[in-house]
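Produce the complete structure using the sequences and hints provided.
These protein sequences, in sequence, are chains A and B. Take the first sequence: its position 215, counting from 1, is numbered 215 in my numbering, and each next residue is one higher. Take the second sequence: its position 673, counting from 1, is numbered 673 in my numbering, and each next residue is one higher.
Hints in this document: simulated from the structure, not taken from any laboratory. Note that the coordinates shown come from a computational prediction; the quantities given were computed from them, not determined experimentally. Misleading hints may appear alongside valid ones.
Claimed, not checked - With a straight-line cut-off of 25 Å between C-alpha atoms, the simulated BS3-like cross-links for lysine-lysine are:
| no. | chain 1 | residue 1 | chain 2 | residue 2 |
| --- | --- | --- | --- | --- |
| 1 | A | Lys32 | A | Lys290 |
| 2 | B | Lys731 | A | Lys290 |
| 3 | A | Lys348 | B | Lys140 |
| 4 | B | Lys731 | A | Lys343 |
| 5 | A | Lys378 | B | Lys140 |
| 6 | B | Lys707 | B | Lys731 |
| 7 | A | Lys343 | B | Lys181 |
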Amino acid sequence: MATEMPDLPVLHAALQTATLKCSERCLYQGAKWAAELLNSIASPPSTPTSLPPTYLHPASKDPAEAALEASEFSTFLLAKSYFDVREFDRSSHVLEKCRSSKSRFIHLYAKFLAGEKRKEEGSEMVLGPMDGAATQNKEVPAILAALETVFADKEGDGLDWSEDDSFLLWLYGVVLLKQKNEEEAQGALIKSVNLYPYNWCAWQELAGTVGSLQDLNNILMSLPNSIMTNLFVLSTNQELYQTGDSIHSQLTDLLAFFPTSTWLKTQRALLYYHAREFEEAESIFDQLVKSDPHRIDYLDHYSNILYVMERRPKLGFIAQLALTTDRFRPETNCVVGNYYSLKSEHEKAVQYFRRALTLDKTCLSAWTLMGHEYVEMKNTHAAIEAYRRAVDVNRKDYRAWYGLGLSYEVLEMHYYALFYFQRAAALRPYDSQMWQAMGQCYDRMNRPGEAIKSFKRALITLNSQSPNPDSHPSAVGEQRGFDPLILHQIAVMFEKMRQPKEAAKWMEACMAEEENVGVTTTTGQARMWLARWEFVNQNWNRAQELANVLCQDGQEVEEAKALVRDLRSR
Amino acid sequence: MSRYLTPGKIALLVLVELYAESRFPNKAVLPVISFVIKQLVRPKDTTTFILGLDQIKDVTVNEPSTVVGRTIFDLLLMELWYINSFDALHTFFADAQIYLRDPEKQEPSPGHVKHNKRRFISPTSILGCFIRRAGLEFSKLQFHETNSLWGAFVRFREPTLSLWKKRKLGAGPMSFDANLKGMTMNDLLVQKVYGKLDGSKDWTVSTDDVERLLEYQVETMQRLGTRVPDETQLQLRKMLSTDVPISHLRHYVNFLNSWRSGDYPSSFDSLHRYFDYTMHSRDRTFYQYALLNLAILQADFGCHRESVLAMQETINTARENKDMACLNFALSWLYHFHRAHPQDCPDVIASRMERESLQFLKAKAKEWGMDHLLSMAYLSETRQILLGGDSVPAAFESLLRSSHINVTHQIHNAQGSQILLQSTLWSRLGVSQLAWLNCELFLSKYDNGSPSEDLVVALCRSAYILSMRGRFDEALDRLEQVDQEALRSLKIYQYWASYIGLIKLRRAVYRNEFAAAELLLQQLTSSEQVEPDCALETSIAKIELQMRTGNFVAAMLHCNQVSAELVRDRADSYHKVRLMILKAEIFARSGRAMKGLSTAISAASMAWKARFLPVLFYAFNVIATILIQLEEYNAAYKMLDSIMPQVLECEDAYLTAQCFACLADGQVGLAGTRKGVSRAECLGRALGFIDRAFSEYSRVQDVYSQKLMMSRKIRIQDYLGDKTLRDDAVKMYRQVEQGREGVNPGPSPFRH
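This is the structure we're talking about:
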């Protein structure tokens, strides 16, 4: 990942053109992103006194194409204005006979959006019978066919691919993704970003095809040498929950270029969030909100952070803020839903998440959060469906996988649950919660061997200096800072496997954790177990010792007293 | 738009909480809690609709609390400012529900030591209902609505910031929201979230408040029959300016208002609009009530036939829906309508009304426990007895029954009709003092909560009785004292105005101001909407006027016409008898005494049978006049002489004057048959009678009769040869003549 940092004026001009190109092609989100980045450049070059004419309509660099564009200019303007008032079919129809790349793009893109709109209308209510795979975008095959002919013509005529074709390729990728044809889509998208790297929409779609770190590394070589690649790698890493120092340093490098970029700052906050460093994440979001209170993007993530921190008043305030900006944004409704969820008003929370989904069916966090709410409301089946939709939208959401697993556990379908826990653990390999859940799942399925492995894996958390859990437990014990619960569970597993000696070692380790976390129920149980163990082994003195400690305080006083009485009788 | 909750309600809730936590000393409980309850229950006056902090402050600022040195208002402020974020508002509402739990039954939780002292508010009490309703309404709110409520609350509380700063160190302009610590008002974020609050009037008024105001208005209008006072209309406009959704009841208020003001098209329109809007929102169908209103409305505007048809439909619908209350009311109304306008009732209705008469209504009212209807039925019975001229004791019995029901069941708005009817009864029995007293009693003791119409009727009647005694100016003064608010209702105004016209007309007739009388008469008869009793009095005045101008033919024609109408309408026999006597009088005056005699005698016998005493005396007077014309002086004199005490009791100045004049005529006639001392005696007596007649005439300012009396006196004195006395009489005659020309005739100087 050693792309060169581009020349500032060049970058400046490139981003300006990108914004214009995107907005000309009605890629509003891409234009917005590019413009934001453009305005966050540290020291913009001195402003020219007048804009070059190409700024109004960035024509193609290819003269033949430019001539074509010029001849179709009026039609294009008509179509664009139809598009802007959301008359997609009309816009598409107007451009039917146009030949230029730009016109073709608008023609097909409008068709695609019209199809999407009809699909939305057809799918009726959220989680209703028509929602989901039952309703498809019916324009997709036609668009695909049209694009393929265009590309085939190009190949046939032996023409070069130009910058303008990158948008067509992007559309091709999007359409392929709709058909779940990910490999080809990835290829198309990589080609698209290579032709024109400043279309953020293409990068985003590309990120959608990257399911793991492995995938990312695979495609890394075929990406263009541009600062956009850096940004892409950064955001993809963030989405893959990579929180290492290298990512942070990369981010710091980029921030040097774009010091005021809210997007980059948000990435930083999300990195902290994934690393469960909530205070830092919160303070970054705080500043962002203060500097730009009209911004709603990523506020749902902020609300998640506040939710985990249980900062209710603040969450309420953020909800107010989002509300005053726009009541009909999915993010706003997610924030409000989170607020109600924190107040344990789950019905209302679900109502707001549904609202968010009505506004945008691909709103990932809303699906996941709605799943959580359904779990709270003991509506497991609805929860499973919501989670399922979440992972359909984005397979990288470990919370949805984990939620699916938990739901199936509630239904006592452990084999299913195991699969989902595995998926979750694959996404978050250093999150002990996932492994623990997996271990418990194995335990329920009477597979203590695998359970022990899972629990041992759970001991390796992100912050600890990764001792090797396979080594001797006493060695583990010396490395302080483990969850006694997991240690206890491992011991119990060993006991189940009739390996009491191993179990005793883990129990000892568990008890030793008292030094770090104090006396808990779990350590008490471990001590009790050990006392009995020593009793059986006729190690009276130690048994006495342990039992006496238990008699003083602890949950199992009665049992301990009985043991002491037994000991005295010996 | 707010359904129920407003910042004011939050403040009330805080007060209730303070009360529940026993932070009020006993002395303060009564004033503060009664203030709170006044805001929650059905309103009694118009002050309780827009609740501001100032109102609360007035009540609480002087009440010490259990915390030394703090008033309840201080505590209230403290609690209000502790709600320091949007989230705290949620918590506040959630916590309020605790007070509904019985502390005895609840095991003490270690975290809530302070609740040990708290009072238990029963969930079914007014305060309990308020807490529950507030909690429910709050949880029903959508998020953005909650946000608006919070914004309104921040604005509501803001004026007390300076007070709060004194109590709490470190409180600043940003302390209204804990999330804004360390920011200033100019921060972008603050501007964004709270910038739009200034001057916004959202959520200061709730639909509930508006509905309460409208309901109160409807109730007042229906009970008192007045229009919307300007003050209330202003308040309503103020409320509606806050974007609160308009309740459908508003159309009903509009309907009542335009009905009272006599605006037929818009009242019709509003009524239809109201029922169109409420059709879907109520589970019961209200069709019969729509029809009922429509029928009454049409009757009021004189579309009698339409009205009867609508009422018939009402009865059918009410029967179908088994709505007994509506059915009984409709039947009762139709019964009265049938009584009042028999010519407009189709035969079907008329025959049914005969069948399902009062007995039926009474039985129904008793069966359904509708006391009001029962009381009205008894009154109707009384009225019917009076109309038929039947037994007076029976009438009194029914009247007493009605009165008993009114008193025992506290039916205030039937009180008026009952007392008025009683007054009528007394005046028919010739005890005008009692009749007048009844009216005055009603006016002074029942003016609160009685329909304005009854009040105005009583006022008019009392003034009319005064005018009968010749005290015209006093009567007119009395009429001017009417409540101006009541006059805004068209019907009432017309009634009142026609009484003023009537009194003036009578005065003009007595004074022989014929031009003025003609004008007044024209005005009075031009309006169609005149109460029947008023119209009759006008007709009688007209006949008198025609007699005075000597137009006996026209008078006779008119008299015949009116009595034919009365017969057709099966009207009050009292009036019929009066017209008979009037007819006899016309005959007597026009010199065809014999023709009038039989009419007068039959009228007298009818009047005697029904105990219409003033009419009876009037008949006697006419008979005596006729007898005198027939030269039966002794009979005439004796007859009148025997009834004189009772005539005086009637306090009808004109009647009294005429009787005295008649007596004088009788004496003069007798003097003609006697000789010597006896003749002089008779003439002396005649002189005495003339004097008294003169004084009575001067009361009613009947100049012509006064002069007549004086001229008779002059002649008798002349005959007796007493020059000085004769000259005195001449002088007086001149004076009367001059006084007539004066600007203000005033009470005659010869009254006593």
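When the structure is checked against the list of hints, which entries are broken? Sort them ascending.
2, 4
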